[in-house]
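**Student:** Here is what each chain is made of, one letter per residue.
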Amino acid sequence: MLRGESIFAHTVKSKIILLLTSIALASCKRDQPTTWSVDVAMPVAHGRITLSDLVPDSLLSADENGLWHLLLEENLTDFNLDSLVAIPDTLIQKIFEVPPIGNNISLPPGQQLISQNENTTLAVNDVELKEVIAKSGWLEYNFKSYVNGHLQCIYYLPGVTLNGVPTTIDVHTLPGNQFVPYEESGVIDLTGYHIDLTGETGTQSNKIYSELEVKVDPDVPQPAIVSSGDEVIIEIHFVDPKVAYARGYFGQHEYELNEVVDFAGDISFPEGALNLDQVSLDFAVQNYVGSDAQIDFGLIRSVNNSTGDYVLLNNIELLQSINVTRASDNSISHADASSVEPTFNEIEIDNSNSNIDFFLENLPDELVITGDVIVNPLGDVTDGNDFIYTAQALSAVMRLDIPLCVGLEEMTLRDTLEITSDVELTADGKLFITVTNGFPFSARLDASVIDLAGNQTHVLIDEQTIAAAVETAVAGEVIEQTTPIEVEVSQDMLDDFDTQHRIALKVVLNTNSFEEFAKLYEHYFMDFSVRAEAETKVSID
Amino acid sequence: MKKLSALALLVFIFAKANSQTPSLWLLDPDTGWQASSIMIRMDASVMLQSRHLDLAFLDKLAFGGNISATHIDNISQRLDFRNGAGASAVGGLSIYSFADSLFGKSHIGMHFKASSNYDAQLLFTHNAFDLIFQGNEMFRGRTAAVGSFFQTQAFQKFGVGMFDKRTMSEVTLSYVNGQSFDRLLINDGEFYTSPLGDTLSLLYQGEYWRSDTSQAGFAVGDGQGAALDFSVNLGMITLGVRNAGFIQWNPNFERFQFDSSTVWTGFEVDDLFELTTDTLGLPQLEDTIEYTVKRGNFITGLPAAYNVRVLGKIGRRNFGEFGMEIQPNLVALPMVYGAFTVVPSPHHYFTFRIATGGYGGFRIGWDYQFKTNRNFYMRIGTENFPGILSKHSRGASGFVTIIQHFGNSTKHD
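Chains as they are written, first to last, in the working numbering: chain A, 1 to 541; chain B, 1001 to 1413.
If you're looking for bench data, these hints aren't it; they were derived computationally from the structure. A portion of the hints provided could be inaccurate.
[What the hints assert, rightly or not] Label pairs and their in silico Cβ distance ranges:
hint: 1; chain 1: A; residue 1: T307; chain 2: B; residue 2: E1290; range: 50 to 58 Å
hint: 2; chain 1: A; residue 1: E477; chain 2: B; residue 2: T1213; range: 55 to 63 Å
hint: 3; chain 1: B; residue 1: E1290; chain 2: A; residue 2: A62; range: 33 to 41 Å
hint: 4; chain 1: A; residue 1: S395; chain 2: B; residue 2: L1196; range: 55 to 63 Å
hint: 5; chain 1: B; residue 1: L1196; chain 2: A; residue 2: I479; range: 16 to 24 Å
Just so you know, these numbers come straight off a predicted model, no measurement behind them. Glycine residues also receive a C-beta, built at the ideal position from the N, C-alpha and C atoms.
Please work from the sequences and hints to get the whole structure.
**Tutor:** Here it is in structure tokens:
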């Protein structure tokens, strides 16, 4: 038990009392501490363990009968269909040089210098895009004139529209010279812009049509003085365009699916043997993309890294090719994906059509899923009318539902408890632990003090059995069982806590029978309380 | 400067001065001392008394050592429901001028006084003692009443006053320098232990006062006030008042008030088997005690005392003395005492004393007074003689007075 300066002193009540004494003695200087012994009886700790303490609430759900279900949902889509229709940064640069026609030639206002219509091809790979809607990006332009005169430069992009209005860049330059050009630049935010990629003819793909005209500025009365070698340089730069919607032929692509679902962050299946009554596992594929796909799961494996064991999921339907048909889009504006009618594929796996129970009874801490996804396995069957809304594309989700109706055999939970205190812990006495078990399984409890290296230095509780609650004829009703435990606590043991020792707890759970399933309801709990009785020593320095 | 330091040290080392005029001065027919021009008086006294706590216990409590269970049990057996202890220490220096007169009266002189004063009072219930020193095991299934009171204060007085050169009656008005003050008063404290010891509950209502904690030390000046002392000798009867006054403390004085209850059932442990290393931190007092605190220029009273003494001759040479002192505080009872003085020669007075009340019980003491023909006087004694000899005594005290006369002045009417 703990001496007055430790646990006793840290109870509110005792501290009030000691406060009085301490104040009275505070001003006295002592060569040695004032000490005396007291007999204390006091509570130390209490708590309640429910299943939700062992498993995050987000993974637990009780059904209408109060039976716990372990639910796990994992998104398996690790391939990014956005990349199908990604548009790279594209630079269009035009350099026009005055031919050797002589120097200082005077051109009147309105005199046309350059007129050029052009299809610029985007450097996309293996896709044939007809139109896209940008969700972000910029169009940067830069006009540079070495001509000694006022020019008007008009860059017209009829296929780059915002709300149906084509984009026109109209720049009026000031006179430059052969050494110092006049330069003007600007930026257009492409968010929400529709970009027609069918070119001048309207039947092509990946092409942006543009019209360029440069002339002596008609709004300025002075003529332009042109000499051989004078240049006009025009740069149009599509910077970091992101696609919200795209239409075209996306090509035939194959992606590898290699997903590792790590449970360690959410739940750690303990050691021991688990017998599950019913388990269901659903694979659901929801396709919002206007192209076909084919999914082939290579293997689905549960891995117990503690034991090194793994089990392959065996289900005929899952191991066959899953053909995902294209979604349909009735929208004209393509403003969002709400108009898309997705397609669904779902595979339901349970004890009757698979080895799912063995799969999970392996107590996996991770699942490994491998496979392939082929986009447009049949090629361009829509005449270039694949579509995608990148905000909502293809999702493949795994949903696991385990009703907690289990058999347990030597199911082992472990925990490490670190006790921190600002004062020295001293004790010599007993702890009385009372455990009230409302779970229909027994527990065998071990507790020991360990050092930082994990070496056991003291045994607190050695294989103390906590009786299982007795199930009644009424489902979900049990008769709780109380088990008292006495623990000797020595000063020697508590001294270890000053050197960063910890308490290691181990609980081994067993149902009455491994073959008979015990149902775990949400109202089941295990209460514990710890109280101390000891002769303790109070010390005032 | 060295002289001042030595004087301060002397004042500090000596403790509670008896403010009454020494009986010898009233009984001795030789009044030649009144012819001196200056009289310097040094007083020191120290007192520790309890009706129930013995010196060995208090010594270990204050200065360290292990208090045995047997010792604690013995004390517990003699405790009443309410129990107290008190202590004080005073060291003082007084200068009396016989040479001058005041208000045109040659028998009235001026005096100056300086003293350093320490006072402590403790009041506790039997239950509180048992709970602190024997633990709560014995209180399983019942409630311990733990209302208690504790107060200490330290202050210095610098006074000026006048005295009657013939009777040594005097009155002094002092400026008081507050050094420190602490008071814990638990008006209502109940500590309950459940039969199993798995629930503790505490009801606490009271207050804690303390002076400025940002500065500490001798004569630090945390507050200032005034005090009135007087001692009137009406023939063989002496009436006295000591420390009738107050201190107003600086704005950093704090008054904590608490009135709450709490139940303790142990630490709440709710994260077992979350399969990580959990940390269980023991809670701190500050986390759990509920209180309000006010700061301001609070005023506290000085540890006043009111006394009366009657002297009378018994035979030709011997004298009797009877007196009473009342200290108006929560702890002290009225103290009465009697004394018998033997005068073997005009220069030596031996006095035997008995007393009861105050902070202690019945006790015996003695003192010895010595004077030369004119210039020197000394008194030394104790009000609790067994306390000097045995740590089993429930108190101890000692006092000393030294007086030196200088020069000559006119004999007074």
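**Student:** Using the beta carbons of L1196 (chain B) and I479 (chain A), state whether their distance is inside 16 to 24 Å or not.
**Tutor:** holds (22 Å)
**Student:** Does the Cβ distance between E1290 (chain B) and A62 (chain A) fall inside 33 to 41 Å?
**Tutor:** Once the Cβ atoms are compared, 38 Å apart, the range 33 to 41 Å for A62 (chain A) and E1290 (chain B) holds.
**Student:** Within 55 to 63 Å: is that where the Cβ-Cβ distance between E477 (chain A) and T1213 (chain B) falls?
**Tutor:** holds (60 Å)
**Student:** Just to be sure I understand the hint, the distance between the Cβ atoms of T307 (chain A) and E1290 (chain B) should be within 50 to 58 Å; is that true here?
**Tutor:** Holds, at about 53 Å.
**Student:** Holds or violated: 55 to 63 Å for the Cβ distance of S395 (chain A) and L1196 (chain B)?
**Tutor:** Hint holds: Cβ distance 57 Å, inside 55 to 63 Å.
Consistency note: the structure conflicts with none of the earlier hints.
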